[in-house]
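K.L.:
If you read the sequences in order, they're chains A and B. Under the working numbering, the letters of the first sequence match residues 120 to 306, in that order. Under the working numbering, the letters of the second sequence match residues 14 to 205, in that order.
Hints may be right or wrong, so weigh each one.
[To be verified] Taking lysine to aspartate or glutamate and the DMTMM-like style, the derived pairs with C-alpha atoms no more than 25 Å apart in a straight line are:
id: 1; chain 1: A; residue 1: 221; chain 2: B; residue 2: 43
id: 2; chain 1: A; residue 1: 284; chain 2: B; residue 2: 43
id: 3; chain 1: B; residue 1: 146; chain 2: B; residue 2: 43
id: 4; chain 1: A; residue 1: 131; chain 2: B; residue 2: 66
id: 5; chain 1: A; residue 1: 281; chain 2: B; residue 2: 138
id: 6; chain 1: A; residue 1: 285; chain 2: B; residue 2: 43
Bear in mind the hints are in silico, worked out from the structure with no lab data behind them. Fair warning: this is a prediction, and the values are worked out from it, not measured in the lab.
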Amino acid sequence: MIYLDLFLGFLKVGCFAFGGAYGAIPLIRDVVLSYGWLSDEMLTYMIAVSESTPGPIMVNLATYVGSSQAGLPGSAIATLAVVLPSFIIILLVMALLKTALKNRYVQAILRGLKPCIIGIILATGCFMIMNNCISITTGAALNGRALVISLILALVYFGSRKVLKKGLSPIMLIVISACLGMAMYGV
Amino acid sequence: MSVLLDLFLTFAKIGLFTFGGGYAMISMIENACVENKQWITHDDMMNVTVIAESTPGPIAINCATFVGYRQKGVAGALIATLGMVLPSFVIIYLISMFLDNFLEITLIANAFQGIKIAVGILILDAAITMIKKMHKKPVPRVIMLCSFAAMLLIDLFSWNFSSVSLMLVAAVVSLAIFLIQGAPPQKGGAAK
Numbered sequence: 120m121i122y123l124d125l126f127l128g129f130l131k132v133g134c135f136a137f138g139g140a141y142g143a144i145p146l147i148r149d150v151v152l153s154y155g156w157l158s159d160e161m162l163t164y165m166i167a168v169s170e171s172t173p174g175p176i177m178v179n180l181a182t183y184v185g186s187s188q189a190g191l192p193g194s195a196i197a198t199l200a201v202v203l204p205s206f207i208i209i210l211l212v213m214a215l216l217k218t219a220l221k222n223r224y225v226q227a228i229l230r231g232l233k234p235c236i237i238g239i240i241l242a243t244g245c246f247m248i249m250n251n252c253i254s255i256t257t258g259a260a261l262n263g264r265a266l267v268i269s270l271i272l273a274l275v276y277f278g279s280r281k282v283l284k285k286g287l288s289p290i291m292l293i294v295i296s297a298c299l300g301m302a303m304y305g306v
Numbered sequence: 014m015s016v017l018l019d020l021f022l023t024f025a026k027i028g029l030f031t032f033g034g035g036y037a038m039i040s041m042i043e044n045a046c047v048e049n050k051q052w053i054t055h056d057d058m059m060n061v062t063v064i065a066e067s068t069p070g071p072i073a074i075n076c077a078t079f080v081g082y083r084q085k086g087v088a089g090a091l092i093a094t095l096g097m098v099l100p101s102f103v104i105i106y107l108i109s110m111f112l113d114n115f116l117e118i119t120l121i122a123n124a125f126q127g128i129k130i131a132v133g134i135l136i137l138d139a140a141i142t143m144i145k146k147m148h149k150k151p152v153p154r155v156i157m158l159c160s161f162a163a164m165l166l167i168d169l170f171s172w173n174f175s176s177v178s179l180m181l182v183a184a185v186v187s188l189a190i191f192l193i194q195g196a197p198p199q200k201g202g203a204a205k
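If we strip away everything but chain A, and leave its shape as in the complex, we get (with noise of 0.2 Å):
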């Protein structure tokens, strides 16, 4: 049952995001492929509305997945899923484990997922910029114009850290990379 499987999945999404959204983002791929909700494509697509749009990225993937698979009453179960976990928990450390969080056990386990989760944002943002370039998935077939368009924007995003005093903001970096797309494939 869809209800059922967006709940669960999202569930899982909630109780393993560990370091803010990019952290989740590998997750969220994870489940939504396995289940075939969303494309590759369209999951990337949907991240950079998300991070265009208010709130948090989380929240915004868990609803449009909810309501593409299954309309209002499935983003609505999906946003649940989603936030349960971490109200759920907040609310047990603060009202009856305010020491759990220091204890030697949980630590230990915390420092090994931090270092985990970092490797996995790194491999899952380098599979998604080689995935462009070389179509991975579809045979390996060299993108000339992606190939450019990674090179202009990551020149322009890193540079711009050198020159401007907080560099570029991601929506800019975004609505670059929405006018070199433009260019670039409109010819």
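Fit chain B to the known structure of chain A by using the hints.
P.N.:
Structure of chain B alone, referenced to chain A:
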């Protein structure tokens, strides 16, 4: 104005006007809840940030639940969290109704060919920022590199091994190292 309504409106405003998720929201929440409303102290805010980093889920939700609970118990936590989620829920639901038609326009589809590359770069940047803040010790570094390599292979060959399983393995390995070696020599933290 009742406290519950105030909680709802304050967090709805934060949810409506903060772009870029988690960490961008912490400064907004600090501004609203510590400086304006004085619902929590600056120290509380530091604590909730640490708790949010050690617990799963959206950081903004963790903060809203924390502040709401402080003010009005479970009802307050519920209302604050609802206020945080509602604006983005409504916006994304509206977008989801017309995004497919929107993508059929050639110009928009071309724009998204560029945008999907930007998303990869943003994710890469998030990882690099986290690596810079990571403990420069051998064990976390090895775990980071191993999970990076494993995840890349899983993605490349579409292996049926989820990132959750990978995280569970890392947790078990880290716990085992702790049980064998004891806590790493560092001040504070576990020693308390």
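K.L.:
All hints are to be evaluated individually against the structure, with a verdict given for each.
P.N.:
Results for each hint:
no., hint, verdict
1, A:221 with B:43, "holds (24 Å)"
2, A:284 with B:43, "holds (23 Å)"
3, B:146 with B:43, "holds (22 Å)"
4, A:131 with B:66, "holds (18 Å)"
5, A:281 with B:138, "holds (15 Å)"
6, A:285 with B:43, "holds (20 Å)"
Figure legend: structure checked against the earlier numbered hints; every hint is met.
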